[in-house]
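I would like the entire structure built from these sequences, with the hints used as guidance.
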Amino acid sequence: MSREQSAHDMATRIERLAQTEPALLGLSERTATPAPRNTRVQLLGQGESYTAWRLDVDGHPPLVVRVTRRAPEDLPRPMSEEFAALSLLPDGIGPSAVLLEQARDSALGSPYMVCGYVPGRVLRPAEWNDGLLAAHARQLSRLHARAFDRCGDVGVPATERATDLSMTRLFTAALAWWSETFPHVVEDPEVSRLLPRVEAFAAAAEPAFRRLERFALVHGDLVVPNILVDDAGTPRYVDWEWAEIGDPARDLAYIGGHVPAPPWYLPLDRTRIRRFLESYLRHVPDTRETLDSLETRRAAWEVYERFFSSLHFRTRRDSPEDRRTGLYSHAVAQLTAGLHHRLAPS
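Counting from 1, position 283 in the sequence shown corresponds to residue 283 in our numbering; the numbering is continuous, with no gaps.
Treat the hints as calculated values from the structure; they're not laboratory data.
A few of these clues could be false.
[What the hints assert, rightly or not] Okay, the calculated beta carbon distance ranges per label pair:
1. 56 / 291: 41 to 47 Å
2. 210 / 48: 30 to 36 Å
3. 325 / 282: 39 to 45 Å
4. 88 / 200: 31 to 37 Å
5. 181 / 80: 20 to 26 Å
Fair warning: this is a prediction, and the values are worked out from it, not measured in the lab.
Heads up, the beta-carbon is just placed ideally off N, CA and C, and yes, glycines get one too.
Encoded structure:
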């Protein structure tokens, strides 16, 4: 079956389900009326784990139906974790949690979740001016307003979360996974040359992480494509697959910095980074966070994320999309060069 035919079939299934069993999509049951409700299904996009569909039904706010593209055991994070995170979001930050269906033999033939529709569009890197970065900082301060004294998965009891967060421990665990799963990537000479510098940078930031006592709900993957900006200039966040209770500095690092790679990461110099962090700190309630500590952890998260993203993009080189566009090969080159420059001895 072609990709186009498969997409058409799924759109038809969603539309039919909305008409015949609306409760399975989080819709109210139809009223006793002879005319069926007008229903429209539109493909929004396709990621590595999910395909997203917009569902419009007369008399109901628009919804997004996210259907898995992988078996549940192959998802990077359980669907239930993302759904639990959505239920904790302040209003106006991201999608509302509507319905979770984890059965493999669901009415759509795969596990799926339904959430509220988030208006807006992904902006080009050149559109991210200082005003928009300040708006992003304000939204993040709202997301991080609720304090937690432990960190870990959203869906587990608080007593099962950790009382501290170690960057070196996270780095070691992630590197072990990559070494076991994609040993040829870690053994790439370019990666081997970078690895000692990245490890040293993470270790140098460890004291700042040891001082971290206040955790928050974090998105965990706030790269540019996961930020939608509406016509009023308000940013909102989608794709909460990596959400957890963790370090707020993580969400401040993924938008961009010294190691850019559009369309994911913006180029931001030190002045713009500090201005962004200062704007964030002005709006975060009840925190003893200092600019220097926040900046140190943000920098560590930036290097951590760009390094492991460079490994991920190496696995996508020579894919059909990469052969067509060169997107991932170019990203690998950008990230590798950017990390070498960022971590060069001063």
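- Against the structure, test the hints numbered earlier, and report the numbers of the ones violated in rising order. none
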